[in-house]
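Peer 1: Same order as they appear, the protein sequences are chains A and B.
Residues in the first sequence are numbered consecutively from 1, following the numbering used here.
Residues in the second sequence are numbered consecutively from 250, following the numbering used here.
Keep in mind that a hint or two might mislead.
Claimed, not checked - Coverage of chain A stretches by chain B, computed from C-beta distances (three or more under 8 Å per stretch; other residues unrestricted):
| hint | stretch |
| --- | --- |
| 1 | 35-42 |
| 2 | 152-158 |
| 3 | 202-216 |
As the list claims (entries may be wrong) - On the chain B side, residues computed to face chain A include the following (Cβ under 10 Å):
| hint | residue |
| --- | --- |
| 4 | Arg302 |
| 5 | Val304 |
| 6 | Arg306 |
| 7 | Glu549 |
| 8 | Ile552 |
| 9 | Gly553 |
| 10 | Glu556 |
| 11 | Ala574 |
| 12 | Arg620 |
Stated by the list, open to error - With the C-beta cut set under 7 Å, the calculated list includes, among others, these residues of chain B facing chain A:
| hint | residue |
| --- | --- |
| 13 | Leu318 |
| 14 | Arg321 |
| 15 | Ser442 |
| 16 | Trp444 |
| 17 | Phe447 |
| 18 | Arg550 |
| 19 | Arg563 |
| 20 | Ala576 |
| 21 | Ala619 |
| 22 | Val661 |
| 23 | Ala688 |
| 24 | Arg690 |
If you're looking for bench data, these hints aren't it; they were derived computationally from the structure.
The beta-carbon is built from N, C-alpha and C at its ideal position, and this holds for glycine as well.
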Amino acid sequence: MRLISCHDGKLQTFATGARAGEALEASRTFRTGFAEFDALLPESGLAFGAIHEILAEPAVLSHCRPEPAMTPAFWLARSALESRQTGAIVCCDPQARLYPPGLVALGIPLDRLYLLRPARAAEVVWALSECLRCPGVAAVVAPVGRLTRVEARRLQLASEAGGGVGLLMRPLGPASEEYAAATRWAVRPVPGDRTIRRWNLRLIHGHGGRVGKSAFLEICRELEAFAISVRAAEPIARRAVLPAAARPA
Amino acid sequence: MRFSPVVAIEAADPAPPPHKRRKPPLARTALIRGAAQAGLRPTAIFVDLTGCRQVFRGLHNVLREARSLLDRLGIAARLAIAPAPGAAWALAFGRTSDTLTETLDPHLLSDLPPAALRLEPEVVDALHHLGIQTVGALMRIPRTSLPSRFGEQILLRIDQALGGIPEPLTAVKLQSPIYERMDFDGVAATLESTWSTFELLIQRISEDLLGRGCGARQLDIELFRPCDPSIQRTLHLTRPSRDPRGLFKLLRSALESQPPAPPPRRYEESTISDGFSAIALAVPIFQQMLPEQVELLDHERHIGQVEMDRLIERLRVRLGSGCVARARLIDSHVPEKRWRAETEDCPGDYPGDSSGDWAGDCPDAGATAARPLCLLAAPIEVGVMVAPSHDRDGRPVLVRRGSVARRVVHAVGPERIAGPWWEGNDKTRDYFDIETDSADRWWMFRVNETGKWYLQGEFL
Chain A
1 MRLISCHDGK
11 LQTFATGARA
21 GEALEASRTF
31 RTGFAEFDAL
41 LPESGLAFGA
51 IHEILAEPAV
61 LSHCRPEPAM
71 TPAFWLARSA
81 LESRQTGAIV
91 CCDPQARLYP
101 PGLVALGIPL
111 DRLYLLRPAR
121 AAEVVWALSE
131 CLRCPGVAAV
141 VAPVGRLTRV
151 EARRLQLASE
161 AGGGVGLLMR
171 PLGPASEEYA
181 AATRWAVRPV
191 PGDRTIRRWN
201 LRLIHGHGGR
211 VGKSAFLEIC
221 RELEAFAISV
231 RAAEPIARRA
241 VLPAAARPA
Chain B
250 MRFSPVVAIE
260 AADPAPPPHK
270 RRKPPLARTA
280 LIRGAAQAGL
290 RPTAIFVDLT
300 GCRQVFRGLH
310 NVLREARSLL
320 DRLGIAARLA
330 IAPAPGAAWA
340 LAFGRTSDTL
350 TETLDPHLLS
360 DLPPAALRLE
370 PEVVDALHHL
380 GIQTVGALMR
390 IPRTSLPSRF
400 GEQILLRIDQ
410 ALGGIPEPLT
420 AVKLQSPIYE
430 RMDFDGVAAT
440 LESTWSTFEL
450 LIQRISEDLL
460 GRGCGARQLD
470 IELFRPCDPS
480 IQRTLHLTRP
490 SRDPRGLFKL
500 LRSALESQPP
510 APPPRRYEES
520 TISDGFSAIA
530 LAVPIFQQML
540 PEQVELLDHE
550 RHIGQVEMDR
560 LIERLRVRLG
570 SGCVARARLI
580 DSHVPEKRWR
590 AETEDCPGDY
600 PGDSSGDWAG
610 DCPDAGATAA
620 RPLCLLAAPI
630 EVGVMVAPSH
640 DRDGRPVLVR
650 RGSVARRVVH
660 AVGPERIAGP
670 WWEGNDKTRD
680 YFDIETDSAD
690 RWWMFRVNET
700 GKWYLQGEFL
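Using the sequences plus the hints, can you model the full thing?
Peer 2: What follows is the structure, encoded as structure tokens:
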């Protein structure tokens with residue numbers, strides 16, 4: 001039997017029985033711990049064993065190609081890692097641009113980090129799917145451009161098999177038309193304050209989530225007081241289904 | 250006196266390869282044979298004969314049987330049996346005929362050349378220049394004056410030859426190489442036959458490894474071709490393995506990937522379709538596999554660790570060894586020298602393993618200040634307008650990168666970082682974390698001595 005529901009104008013189906021229980025199991029999902037962001041997520045949180053896409057929107061005045069939104073992607077990877085306790089983060093870095101001390105500042109332990117540097121673009125999807133299929137990997141963070149439908153689906157199946165999270169950083173636009181992701185986030189750097197660097201994270205796809213709503217990820221840029229905070233961009237009505245107190249923190 | 254007879258065999262030419270040796274005619278000669286096989290290509294073999302006198306009914310029989318065995322094998326060697334290894338070596342070196350002595354008499358060695366004492370070539374030369382031609386002449390020199398002229402080792406060697414210092418022999422373990430080869434009667438041209446041959450060879454090798462209780466750490470593949478030189482690939486494994494399925498997958502991905510050197514054709518197109526005359530697999534490095542005790546609650550972590558090691562093997566085999574790196578922080582304040590990528594094998598280092606010194610070697614690893622996630626390969630010089638102008642301590646207000654100029658909205662800094670004093674001048678940097686009006690977040694610095702501005706990183 002399948003239950004069909006309508007949420008945020010989208011039709012959804014839920015399997016009942018053993019599979020439904022498995023899908024909703026708390027260990028298969030993770031949350032960031034920031035209530036304003038978690039309020040946008042689907043009921044059970046962000047799913048493990050799935051692909052989540054971080055799509056970079058160009059900044060307001062910028063004419064150049066949008067850069068991958070690395071800070072939000074690694075912030076989510078860190079949440080996944082903290083939720084799983086074990087496992088590694090594999091970071092695809094073909095151009096050797098990544099600066100690991102910056103990851104330390106974000107709270108990612110370097111002893112769990114593997115840097116993947118495929119020399120040929122043709123090998124990237126193969127290498128990513130191998131990493132996602134490995135049960136020892138908690139999260140794979142990778143900049144990915146255009147994917148074919150088959151490639152996108154291959155990555156999704158690999159993450160289902162491995163149980164880790166695939167966080168793909170892609171540009172928003174025609175290059176990211178093909179996807180097989182559980183949630184998709186449009187991320188845009190927005191003007192911050194003197195001490196705050198700010199990103200806008202807008203959920204643009206995700207069953208059961210508040211699609212279209214957004215939150216601000218704020219990172220304090222003071223040298224001594226490094227901190228992450230999240231602010232809601234617009235008021236979001238409380239969910240009627242489950243009281244907030246009953247949700248895992 | 251403790252009696253410990255020793256045979257020294259000085260081989261004049263290298264031993265023939267193992268497969269040319271015949272079956273031993275006598276079980277009692279297995280002792281010598283084992284030593285000869287184990288030492289591979291030695292110039293000298295020591296055999297400990299302690300307690301063998303009764304078995305061979307006298308040590309002269311040992312000497313005789315060893316001589317006849319060596320003659321049959323075609324090995325030119327000199328034999329000597331003596332109560333101490335040093336004396337046996339000296340007699341085998343200095344005498345042309347087989348020698349057997351049951352007592353250690355200093356006069357026995359006195360007519361031998363000093364080189365018979367296993368001395369360094371420089372010491373032998375020095376003795377030769379001084380006109381000391383025999384061990385007897387050497388022993389007439391006062392003992393206390395020897396070390397200052399010829400080094401400490403000379404006294405040790407004299408004492409070892411005279412049996413004054415015990416010299417225990419360490420046994421060499423007999424280990425035949427692991428090598429499997431399949432020759433075809435024609436040229437095997439189909440891909441299926443190649444893969445099934447590999448499966449068969451891996452099955453044999455893993456049975457061999459199972460018998461030894463070992464796992465392979467390195468796998469050498471050789472594909473013989475009828476006309477062209479053979480193709481060789483080497484696989485390195487992070488942890489010892491003898492799982493046939495895992496090894497086959499690894500080997501397959503190694504051969505499917507593109508060959509490292511020219512011709513830049515794929516294996517399937519160029520070589521496998523041309524066919525092979527033989528395929529050989531060898532395991533030059535193998536390691537004991539001990540059954541691992543996994544803690545009850547640690548089971549998941551252990552599986553993750555094993556899977557992670559296998560993943561890295563697969564990636565390294567297919568993409569090249571430099572494709573997977575670990576990041577390690579270095580205790581340096583200069584940003585570009587703050588970390589290094591390590592592509593070496595580090596078995597045992599596993600995510601979440603607190604025993605490693607990943608954080609330990611860097612005291613302030615956790616307290617890293619705001620650092621960008623992207624660092625440019627080399628800092629780019631940018632034009633910057635500061636306020637107040639003409640002030641070397643001014644704050645940036647406008648940044649010109651290439652042809653576009655951006656107004657600086659926020660700037661946090663300066664954070665002053667100076668390089669080490671021994672690395673030249675012009676290296677005191679004032680870092681600013683700036684945000685422009687188009688929400689670019691840049692990490693820039695001004696070289697204090699020159700006043701020039703550089704863009705080094707981006708907060709993406």
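Peer 1: Hints first: check each against the structure and report whether it holds.
Peer 2: A quick look at each hint next to the structure:
Chain B is given as covering the stretch 35-42 of chain A, and this is violated because 0 residues of the stretch bring a CB closer than 8 Å to a CB of that chain, at least three being needed. A count of 0 residues in the stretch 152-158 of chain A with a Cβ less than 8 Å from any Cβ of chain B is obtained; the coverage claim is therefore unmet, three being the minimum. Counting residues of the stretch 202-216 of chain A whose C-beta sits closer than 8 Å to any C-beta of chain B gives 0, which falls short of three, so the coverage hint is violated. At a threshold of 10 Å, the smallest CB-CB gap from Arg302 (chain B) to chain A is about 60 Å, leaving the interface hint violated.
The criterion of a C-beta within 10 Å of any C-beta in chain A is not met by Val304 (chain B), whose closest approach is roughly 56 Å, and the hint is violated. Checking Arg306 (chain B) against chain A by beta carbon gives a least distance of about 63 Å; that is not within 10 Å, so the hint is violated. Contact between Glu549 (chain B) and chain A, as hinted, is supported at the beta carbon level, the nearest pair being about 6 Å apart and thus within 10 Å. Restraint check, Ile552 (chain B) versus chain A: the minimum CB separation of about 6 Å is within 10 Å; hint holds.
With 10 Å as the threshold, the beta carbon of Gly553 (chain B) comes within range of chain A, its nearest partner Cβ sitting at about 3 Å, so the hint holds. With its C-beta approaching chain A no nearer than about 4 Å, Glu556 (chain B) sits inside the 10 Å limit, and its interface hint holds. A least Cβ separation of about 4 Å between Ala574 (chain B) and chain A falls short of the 10 Å threshold, and the interface hint therefore holds. Taking 10 Å as the C-beta cut-off, the interface hint given for Arg620 (chain B) holds, the closest approach to chain A being about 4 Å.
Here the hint on Leu318 (chain B) is broken, as its CB sits about 55 Å from the closest CB of chain A, past 7 Å. The closest approach between the C-beta of Arg321 (chain B) and any C-beta of chain A is roughly 56 Å, which is over the 7 Å cut-off, so the hint fails. The closest approach between the C-beta of Ser442 (chain B) and any C-beta of chain A is roughly 26 Å, which is over the 7 Å cut-off, so the hint fails. Contact between Trp444 (chain B) and chain A, as hinted, is not supported at the beta carbon level, the nearest pair being about 19 Å apart and thus beyond 7 Å.
Hint status for Phe447 (chain B) relative to chain A: violated, with the closest Cβ pair at about 21 Å, above 7 Å. Taking 7 Å as the C-beta cut-off, the interface hint given for Arg550 (chain B) holds, the closest approach to chain A being about 5 Å. At its closest, the beta carbon of Arg563 (chain B) sits 6 Å from a beta carbon of chain A; the interface hint therefore holds under the 7 Å criterion. Against a cut-off of 7 Å between C-beta atoms, the interface hint on Ala576 (chain B) holds, since the closest Cβ of chain A lies about 4 Å away.
The restraint placing Ala619 (chain B) at the interface with chain A holds, with a minimum CB-CB distance near 5 Å, inside the 7 Å limit. The closest approach between the C-beta of Val661 (chain B) and any C-beta of chain A is roughly 5 Å, which is under the 7 Å cut-off, so the hint is satisfied. For Ala688 (chain B), the shortest C-beta to C-beta distance to chain A is roughly 4 Å, which falls under 7 Å, so the interface hint holds. Annotation: Arg690 (chain B) was flagged as interfacial toward chain A, and the flag holds, the nearest CB pair being 6 Å apart, inside 7 Å.
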